[in-house]
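Chain order of the listed sequences is A and B.
Be aware that the first sequence starts at 1470, since it is given in the working numbering, and climbs by one per residue.
Be aware that the second sequence starts at 47, since it is given in the working numbering, and climbs by one per residue.
Read the hints as simulated data drawn from the structure, not as lab findings.
Using N, Cα and C, we set each Cβ at its ideal position, and we do this for glycine too.
Among the hints, a few may not be true.
What the hints assert, rightly or not - A short, non-exhaustive set of chain B residues, derived as facing chain A with CB atoms under 8 Å:
(1) 112
(2) 168
(3) 237
(4) 260
(5) 264
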Amino acid sequence: MSEPFKAAVVGPSRVGKTTLLTAILADTAELLAGTPVSVALDEATASRVRRQKGHLRSAIEAGEFDAAALGGTQAMSVYEIKLQADGDVGLEIPFRILDYPGGWLDPDMRARSPEAGKEWPSCEAHIKDSIMLLLPIDAAVLMEASTPAQRAAVPELLGLVDVEAVAERWAKIRNQHPAEPAVLLLAPLKCEKYFSDNGGAGQEAGRLRKLVREKYKEVLRIVAAECKDRMVHVVYAPIDTYGCVELMEAEWLRLGSGGLDFRGHYRFRGRPPTISVKAAGTIMQELCRAILDTEIGRTTESIDASLSAYTRLLERKAAPKGGFLNTLSYYLGNEVWENRAGRQRTQQEIARAQRQREQLREAVEKLVASPSDDRVEVW
Amino acid sequence: MRPYLMTRGIPRDLDYAFVGASPADPWWSPGGRELVVLEEPAVLARSAKGSLGMLVSGLPSSRRDVLGTRIRHTLVVDALEADPALAGRLAATALDPAGRERLGKELDEMLPIGRVEAVLSGDADGSEVGGLLERLLTAPGWETKPDGKGADREGSWAAPLGDPGARAAFLARVAALAEGREGHAFVSHSLTSVTGAGRAAAELPGHTAILLADGEIGGVVELGKVPGAVAAPPRRSAPPRPVPIIAAGSLTLVIALAVLAILLL
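Input sequences plus hints: build the corresponding full structure.
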């Protein structure tokens, strides 16, 4: 298998990163519907997604959405996702997405956790190698802060200082590899209340965009400043991870330290509620757009190289060795039959591999060419 | 023994971390691999080089974080080899939902939330936490006692968590680890197949017993140490090879040519 393309999710704890992953997979599967390419997960990722879906199904059955039922991530998780051509040749485009506890962004927290201390270097290496830096943003925190004290609490709740530090490190490395893609994706989550295009009646898309621009201005500035020698593709994608869940009440809680924290109270909309993920496929679409030329080229070269080497080898084997007795033994013995059968089999395998490669290319191109969600903007 | 507690505070920024001292080595995630999902109710025992460590995750607290999510405690106990009976009690408690609730409640009472938050925020050093945990674990009342009726199975194996016989064998394996046998025993929420369990066992030293909380496994399955040996894919049968029509004649011709060559020479 070729080395996976890497993406890193960088955001504070409890923003909904695992839910986002489930939504990405659901939306990507929809975009790939009707193609002979599917999304495949490794066992641990599949299990995590299944648990997440199980929680949601129970909530739908109960008719009550309880955001609190979804626990935060306590340890680092690596999600292995592949776009895989159906068939037995094993053509695939692998992605590796890293998710780690939001608290690890804080150096003090890392100092108190042996796991964070041990794993952080590999987290950092992954972030630096990532072609995409995905920043999930709690839209409710941004949009529901109305008093000066609430607005003052927003940077802390979004973990902006840590996000900026990680973005700076990522951009610095990306600048040193101008031939590789670099995508910065800002993804406000829990957006259902603010849009009217997915079953809601909100008219606040413009205000959300403005607030994200304002609060992440420094992140964008840092990335632009660090990437002087290259282009960074900056995408804004407000995502509905459920589509059928809406914020009903925003509660600002006074903490013992004097600061404020935010708790949203949500409810299902529609009876029965129907999950309607929106714009999450953008993430896989942008990843594929970034790697399309590189990966298809890489797969093509690798298949062509191995197939031509194989064919050459077979051609050599197909011809009799020199010398009368060798030739005689070649034609009169079983070797000629073995080679002929082998060649036929190999030709079939070559044809199948080429067919699947074309299917994989077409499906990825289709995914990339699918019209972007109306909410999505390139900044 | 050296016990440690991982938990969190109520505010968002006081995320899951060890309160006070931390284990020197996160042995429960060898090479960054997720043997147990810490968010789920699980138990892991590891015996290596004469040392026994145990981890019990997902112990329910009565506290909730700022979003209203129920907080979970994770208990790690290192250097447990001196008290094999405690290892058995910990494992039995971890597999018993009522025992987990009981232990979670005891941990809540032992360390009030104010104290947890003071240590996690750096306002207190938490040097007393280890001693408090040791006192709690050596006192009676919190534990589910293992009945000791199960028999350990040979080698590495995987079984569904819901199978009472497998749970008893698991407790017997933990007892064997506590007596010094090298290996691992754990409850997994991320492995779901025999192949995955076999691969995990192959990557770990010693023999491994795995209880799968979820997945396709129907009963107790022995796991080989080589991944390929666990569930070797069926070999594709080779297409029938045609019998060469001239094969029989060819032998005659070779003999004739050989005779001719001898005559000519």
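Could you check the structure against the hints above and give me the numbers of any it violates, in ascending order?
5
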